Amino acid sequence: MNDNDYIIEERDAVVIRFAGDSGDGMQLTGTQFTNTSAVFGNDVSTMPDFPAEIRAPAGTLAGVSGFQVNFSNRDILTPGDAAQILVAMNPAALKASLSDLEIHGTIIANIDAFSQSNLRKAGYDANPLQDGSLGEYQVIEVPLTTMNREALKEVEGLSTKDKDRSQNFFALGLAFWMFDRPLDVTLDWVRKKFAKTPAVMQGNIRSLETGYHFGETSRVFQHRYRIRPAALPPGTYRKVTGNTALALGLVTAAQKMGKPLFYGTYPITPASDILHALAPLRNFDVRTFQAEDEIAAMGSVIGAAFGGALAVTGTSGPGVALKSEGMNLAIALELPMIIVNVQRGGPSTGLPTKVEQSDLLQALFGRNGESPIAVLAPYSPSDCFDIALEACRLAVRSMSPVMILSDGFLANSSEPWRIPDAAGIPPIPVNHPDGPSSAPANGEGAFLPYHRDAETLARPWAIPGTAGLEHRIGGLSKAPETGNVSYNPLHHERMVHERAEKIARLAEVIPPQEVYGPEEGELLLVSWGGTYGAVRSAVAAARRQGRSVAHAHLRYLNPFPSNLRDVLSRYRQVVVPELNGGQLAFLLRGRYALNIQSFPKVHGRPFTINEIAQKIESITN
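Just so you know, we're using the numbering used here here: the sequence shown kicks off at 640 and counts up by one.
For the record, the hints were derived by calculation from the structure and aren't laboratory data.
Watch out, some of these pointers could steer you wrong.
What the hints assert, rightly or not - As a list, the in silico EDC-like pairs of lysine to aspartate or glutamate whose alpha-carbon atoms are at most 20 Å apart:
hint	residue 1	residue 2
1	Lys734	Asp764
2	Lys835	Glu789
3	Lys1240	Glu1256
Please read these numbers as outputs of a predicted model, since none were measured by experiment.
Produce the complete structure using the sequences and hints provided.
Here's what the structure looks like:
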C-alpha cells in the first residue's frame, strides 16, 4: 500500500497512551516514542503512570502501567487531558485507561490477550471488543502476540517468553508507522543496549520492523497522522525529566561555586533517579553516598557542608519527616545545603508513584522550634535545572538550608530542554575566611563564628582545620557572635530573630512576582509547582475567549516575592488550584488577610486543562 491508500491527517498535536501490564515494557515503549518524536523536532510532554507494587498480579487493574505522550508542532505545556490513541496490550489496560481516552478516539487492542481468564482478572463480564460497549470509539483489533511470535520464529536462542517480552516493540513499530516516525533512533538504542545478547537484539529489531510493516501492508488502518516539527527557539536540545534536569543543575551549581558536589541519600520513590543521574558523574567531582537510612543521609550532608562541599540530599515526604531533626541541626549550625523533596501522595507510604503537593506546610513548619528555611518550587521538568542553581545561590547567600519542592509529576515527566551556554551562567560566589581578620565584618581578635554580614546576616563559612578559625558547634542554644552555649533568654531571642530575618531578606534578591494577563481585574489564578502547565494553558484559552482572567505562578514559597500582596490585592477574586487540601491558599490568607479561594485536588493525578477551564468558566460567567 502507499500513501494514496490512506487518509493523511495533518494535526497540530496528538496524544497517545501506551498501556499494559507492569512487565510489558510500557515505560520503555513510551520513552522510545518520546525520544524519536523529540529528535524529529516535535515539542513533547509526557506522563508516566505506573503502579506502586513492584509486580502486581499480571492482568489485573492494580498492575496496569501506562505512558502518555503529547507531541506537537507548537509549544505545549502538559501531557494532554485525554489521549486520541490508546494502545491496550490486555483487557486490564483497556479498562484502566478508557477514561483517559477521548470519545471517538482510537483503540488498538491486542486481541490475543482478550482471553476469558484475562477478562475475568480485569473484572469484565463480557468481552468489550464484542459486546458493543465500545461503540463510541474506533476499535482496531490486532493479533499482536501471534504475529510477533510468528515474526520471531526463525530467531534462534529465544524462548516463547523471550519473544513475548519484545511485543511492546511490535506495538511501538506500529505507532511509528501511524505517525510517520523514523525507526533509526530506536534501532540505534536497541543495538547498543543488547550488544552482548545478539538474539535479544535481533528479536527486538525484528519486532519493531514487523510492527511498522504491518501498519504499512495491512488494510485495517484508514488513517495516518502527520505532525510537523515545532518551531522551537534555535539551540541544542535534549530530552530531560525533572529529576535529570535537577541533577544537572546541581552539578552545574557546584562547578559555578568551585566546589565538589556531595549527594547523600537513601533511595525513595520518586526521588531515586536523582541519585542514578549523579552517580556516574565522578569526573565532575561528584560524590554520591547511599546511606543506611534517611537519618544517616542527613547527617552525612551536614558533615559535608561543614567540610565546605556543596551538600545535597534528596528524598520524598516520608524521608523529610525522618530528616527533620537533622535539618534543625543544620539550621542551628547555619550551614548551606540543599534538601530536595520530590513530593508524592501521603500520608505515610501513601501513593508512592502518584503526585501530590501536600508537603508545603511540612516544608515550612515541619520542624521543632523556630526553624525557617527558604523554599523554592520548579514549574516544569526543564525548570528543575534553573531552580537547582537558584537554590544553591540562596543557600550560600543566607548560610542556611534551602528546600526544593519538586513532585512526582515533574520528576518523571519529560520535555525538550534547550541546553544553556555554560559560560553564560553566572558564578555563585563563595567566600571562606582564611583567618579571623578575613571573616566578613569580624575585625581583629578571636574568630567570631556567628558575627553576621551586615547585608545578608549570614555567618562566615569557616572550613574546619583552618588555623585561627576554631569554634564550637552543636545544637544547643547559642550566644550571638561567639556561638558559645547560652541559656540567656535575650541571646536566644536574638538568634531566633536573626535566623528568621536572614531568610526574610532573601525577598530582596528574588525576582518580583510576574502576572500573565491583565495586571488587575476580575480573576487571578495562583499556582505553584507542577500545576503550571494546566493552569497557564487554561488561562490562555480563556483569554482567547475574551474572559478577564490572569495567572500568577509562584516559584518562591518562602519568602514570597516582595510584591505578592500588591499583586493579589488587584483582583476581585483569587483562586489557588493545588494538589492538596488547600495549603498555599491557607498560607496566603494567613499572611495577607485577603479573600483567597482554594481549588484543591487530591486524586494522585495532575490537574487537567479542562478542570481548570471549567473552574474559570464557573466564576466568570
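Against the structure, the hints come out as follows:
Distance restraint check for lysine 734 and aspartate 764: the Cα-Cα separation of roughly 12 Å lies within the 20 Å cut-off, and the hinted pair is therefore satisfied. Proposed proximity of lysine 835 and glutamate 789 is contradicted: the alpha carbons are some 24 Å apart, above 20 Å. Between lysine 1240 and glutamate 1256 the alpha-carbon distance is near 18 Å, which keeps this suggested pair within the 20 Å criterion.
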